[in-house]
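Start from chain C and add chain G according to the hints.
Here are the chains, one letter per residue:
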Amino acid sequence: MSVMIVGEENTMKIALTHYFSGGDHMQKTLRKYFPIFVLPTLIAFAISFLIPFVMGVYLSFAKFKTVTDAKWVGLDNYIKIFTINNDFINALLFTVKFTVVAVITVNVIAFILAKLLTRGIKGTNLFRTVFFMPNLIGGIVLGYIWQLLINGILMNMGVTLTFDAKYGFWGLIFLMNWQMIGYMMVIYIAGLQNIPDELIEAASMDGASSWQMLRKVTLPLIAPSITICTFLTLSNSFKLFDQNLSLTGGDPMRQTAMLALDIYDTFYGRTGYQGVGQAKAVIFFVLVGLIAFIQLRVSRSREVED
Amino acid sequence: MLGNISVDDSMAEFALGQCAMVQNGNWAYGQISGVDGNTVLPADVKFMPIYTGMAGEETQGLCIGTENYFAINKNAPAEDQKASLDFLTWLYTSAEGKAAVVGQLGFIAPFDTFSATEKPTDPLAQDMLAWASKPGITSVAWNFTIFPSQTFKDNVGAALLSYAQGQMKWDAVSKLVVDQWAAEKANVAG
Chain C
1218 MSVMIVGEEN
1228 TMKIALTHYF
1238 SGGDHMQKTL
1248 RKYFPIFVLP
1258 TLIAFAISFL
1268 IPFVMGVYLS
1278 FAKFKTVTDA
1288 KWVGLDNYIK
1298 IFTINNDFIN
1308 ALLFTVKFTV
1318 VAVITVNVIA
1328 FILAKLLTRG
1338 IKGTNLFRTV
1348 FFMPNLIGGI
1358 VLGYIWQLLI
1368 NGILMNMGVT
1378 LTFDAKYGFW
1388 GLIFLMNWQM
1398 IGYMMVIYIA
1408 GLQNIPDELI
1418 EAASMDGASS
1428 WQMLRKVTLP
1438 LIAPSITICT
1448 FLTLSNSFKL
1458 FDQNLSLTGG
1468 DPMRQTAMLA
1478 LDIYDTFYGR
1488 TGYQGVGQAK
1498 AVIFFVLVGL
1508 IAFIQLRVSR
1518 SREVED
Chain G
1168 MLGNISVDDS
1178 MAEFALGQCA
1188 MVQNGNWAYG
1198 QISGVDGNTV
1208 LPADVKFMPI
1218 YTGMAGEETQ
1228 GLCIGTENYF
1238 AINKNAPAED
1248 QKASLDFLTW
1258 LYTSAEGKAA
1268 VVGQLGFIAP
1278 FDTFSATEKP
1288 TDPLAQDMLA
1298 WASKPGITSV
1308 AWNFTIFPSQ
1318 TFKDNVGAAL
1328 LSYAQGQMKW
1338 DAVSKLVVDQ
1348 WAAEKANVAG
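Chains as they are written, first to last, in this note's numbering: chain C, 1218 to 1523; chain G, 1168 to 1357.
Next comes chain C alone, as it looks inside the complex (with noise of 0.2 Å):
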């Protein structure tokens, strides 16, 4: 069985080395036809990411209402956002502790549940289907019902989600890990499954103890599911928005607000200060940016090539 798909697979790549290098003609043609082809996907890039942006960056650099009606000023919004208030000062301290947690959190429990559903107890799918299914759900609405939800129990201590930031920060923690955890879970069993049953088996066999075993064979081997996975929650965590904007709404006093809602409340709630949120978002867009690819670079760095 096995031996005639390796044939066709062969038979499929001479057909397609036939095909790419020896038409000569079908090359140019296609050398010629280039443009036409990639022009569509091209101006639906441009009309949807490439003006946008290009028109956000600018507007960081001027005062206005309507975006069609700008006047350019310079630095003075990038200025004005460290000295009218401290609020994106607040907001990125507080959005910076809280993707430590959460990427800490979700990350080593999805890990724990992703060993304990590649074990092959009864019902693991059932389980997996059931921690995946929260990622499916908008962010808005998990932050309405977990505020009822997390609010209905703080009750009892006479408190709300916006008595104190506290409430507010465990509150987000809690609500990311329920959502993100079954996400990163399916990923880990990916990567757990696919590790050889002969290398767990030599392991054992030179008598590698449980942790021994994890953090020489496991962990290593699952490098590429830690490198997706840290990205993803890092990434989802920093530019939280939906959930942090209907759980707290950045209540008591702007104290649990992120950076995105501070640049939303920065846009929309206060009148003349757009080319300041606008400023903001080019300092988030920054930030973001510079936190991927330095995380991106660390982790490749410690994967196992195979």
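Do not rely on the hints blindly, as some may be mistaken.
Some residues of chain C that are not near chain G, with every Cβ distance over 10 Å (derived) [what the hints assert, rightly or not]:
| id | residue |
| --- | --- |
| 1 | K1249 |
| 2 | Y1275 |
| 3 | F1299 |
| 4 | I1301 |
| 5 | F1380 |
| 6 | Q1410 |
| 7 | T1444 |
| 8 | K1456 |
| 9 | L1462 |
Here are some chain G residues pointing at chain C (derived, C-beta under 10 Å) [as the list claims (entries may be wrong)]:
| id | residue |
| --- | --- |
| 10 | Q1317 |
| 11 | D1321 |
| 12 | N1322 |
| 13 | A1325 |
| 14 | Q1334 |
| 15 | A1349 |
| 16 | A1350 |
| 17 | E1351 |
With a straight-line Cα cutoff of 20 Å, these simulated EDC-like cross-link-like pairs (lysine to aspartate or glutamate) come out [claimed, not checked]:
| id | chain 1 | residue 1 | chain 2 | residue 2 |
| --- | --- | --- | --- | --- |
| 18 | G | K1352 | C | D1293 |
| 19 | G | K1336 | C | D1381 |
| 20 | G | K1213 | G | E1225 |
To be clear, the hints were calculated from the coordinates, so they are not data collected in a lab.
Beta carbons are placed, not taken as given, at the ideal position from N, Cα and C, and that holds for glycine.
Positioned in the frame of chain C, the structure of chain G alone reads:
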């Protein structure tokens, strides 16, 4: 919980007879009458001034005014600007326009094109008009327009909530009001 109560909640409590007093304006009557199972009689919905224990407040009336204005975009095409002006003139001078303002919007229009009978008939609007014409009573000016910004109001509101929940001392609240006023005035000027 205090922090979770919305204006809708407090208006509903009032309409259902669960509380006797609530702070709001004459526009709230639509909200009160619209609550399901409303038990408050129209004749029982009244205004009273906010007495705070200051000297001379016996002659104080209701706080009456507005903080919203009609504005016309100077960058719009000239014919659009003229059309907007024509519409506003029609709205506040023609019989049809005035009927809509009074009847459907429930506004008490501050323009002399409205006669004494052209006022909303809901109990709160009627009571407000009665207060405004009481002899020896002076209405309180609506000074929100000189507040620095909406952000200032939001910050003061949040500080008052913290105070009510026992998390902020009164000194800190009054310091915040003074500091925020200065800061927001500067922000608006800059």
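**OP:** Identify every previously stated hint that the structure contradicts and give their numbers, smallest first.
**Re:** 4, 5 and 15
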